[in-house]
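A.B. asks: Chains A and B are the protein sequences, given in the same order.
Our numbering puts the first residue of the first sequence at 1, with every later residue one more than the last.
Our numbering puts the first residue of the second sequence at 1, with every later residue one more than the last.
Warning: the hint list may mix true and false statements.
As the list claims (entries may be wrong) - Heads up, simulated BS3-like pairs for lysine-lysine below, C-alpha to C-alpha not over 25 Å straight-line:
hint, chain 1, residue 1, chain 2, residue 2
1, B, LYS49, B, LYS109
2, A, LYS71, A, LYS9
3, B, LYS22, B, LYS69
4, A, LYS9, B, LYS109
5, B, LYS69, B, LYS49
6, A, LYS57, B, LYS109
The set of hints was computed from the structure by calculation and includes no laboratory data.
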Amino acid sequence: NAGVTQTPKFRVLKTGQSMTLLCAQDMNHEYMYWYRQDPGMGLRLIHYSVGEGTTAKGEVPDGYNVSRLKKQNFLLGLESAAPSQTSVYFCASTGWGGDTEAFFGQGTRLTVV
Amino acid sequence: AQSVAQPEDQVNVAEGNPLTVKCTYSVSGNPYLFWYVQYPNRGLQFLLKYITGDNLVKGSYGFEAEFNKSQTSFHLKKPSALVSDSALYFCAVRDWLSGGGADGLTFGKGTHLIIQP
Numbered sequence: 001n002a003g004v005t006q007t008p009k010f011r012v013l014k015t016g017q018s019m020t021l022l023c024a025q026d027m028n029h030e031y032m033y034w035y036r037q038d039p040g041m042g043l044r045l046i047h048y049s050v051g052e053g054t055t056a057k058g059e060v061p062d063g064y065n066v067s068r069l070k071k072q073n074f075l076l077g078l079e080s081a082a083p084s085q086t087s088v089y090f091c092a093s094t095g096w097g098g099d100t101e102a103f104f105g106q107g108t109r110l111t112v113v
Numbered sequence: 001a002q003s004v005a006q007p008e009d010q011v012n013v014a015e016g017n018p019l020t021v022k023c024t025y026s027v028s029g030n031p032y033l034f035w036y037v038q039y040p041n042r043g044l045q046f047l048l049k050y051i052t053g054d055n056l057v058k059g060s061y062g063f064e065a066e067f068n069k070s071q072t073s074f075h076l077k078k079p080s081a082l083v084s085d086s087a088l089y090f091c092a093v094r095d096w097l098s099g100g101g102a103d104g105l106t107f108g109k110g111t112h113l114i115i116q117p
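Please put together the full structure from these sequences, using the hints given.
C.D. replies: Laid out in C-alpha cells, this is it:
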C-alpha cells in the first residue's frame, strides 16, 4: 500500500518557469492538501480539496494553482516561479471527519534560482 | 481562528532520561490534537492524537501525550529517550467546530528533539 506519493522529489527551476507537482493517494481519501515547509515556519497550507472537482484556498495560496480532476490525484501548479517559492512541498490526505489523521507524502524539494 | 505554539525550538535530552516536548493551542471550540514526527528528508508521520475521553493518550514508539484543557496544552512525553527519537516534532490542532476537518490542520513551528548518547 503506497499511501501518498509525490512526484518529483527534487526540482530546480529558473525564475519565471512553470511546473506541476503531482500527488497521488490510494486510500480513497476525500480530502487532500498541499503544504509548504520553510525553516522556522512549520507547515503552511497552500490549497486544499474536499473532493473531486473542488478546491479551496489555504493560508498562502498566492502564486499557486491546483486541480483535482480525479479523486486520487491533486496537482499543484506554479505558473511563474519566484525565488520566494523555494521550499519543501508536502501533500497530505485524510478521510472524512475532523478526528482522522493526515497521511503525508515524502515531499518535493523545489529550488527557484 | 486556531493556532498552535511550540515554545522550544530545540530540546536536548540524554539517552535514557524522560523527555517532554511542549505544545499549547488555541481554538474556538473543542480541539482535535495531533503529534507528528519528521525524520530528515522524509514526510511527516503520525504519532498520536487526542479526540475525546482519557486525557492521557498513547501512541507509536512509546510516546504519549497529556491533554490539559485548563492549560490548553498537549505536551508530548516519553519515559526513556532513545537516540533514534532524534527528529523534528510537530504539534497540530483542528477545531472541532470547523466540521469535517476539511480546512486542514494548523501546525506549530516544530521542535527539534536531540537525544544525546
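A.B. asks: Look at each hint and say if it fits the structure.
C.D. replies: Going through the hints against the structure:
1. B:LYS49 x B:LYS109: With Cα atoms ~18 Å apart, LYS49 of chain B and LYS109 of chain B stay inside 25 Å; holds.
2. A:LYS71 x A:LYS9: holds, 22 Å
3. B:LYS22 x B:LYS69: holds, 14 Å
4. A:LYS9 x B:LYS109: holds, 23 Å
5. B:LYS69 x B:LYS49: Roughly 15 Å separates the two Cα atoms, so the pair holds.
6. A:LYS57 x B:LYS109: holds, 21 Å
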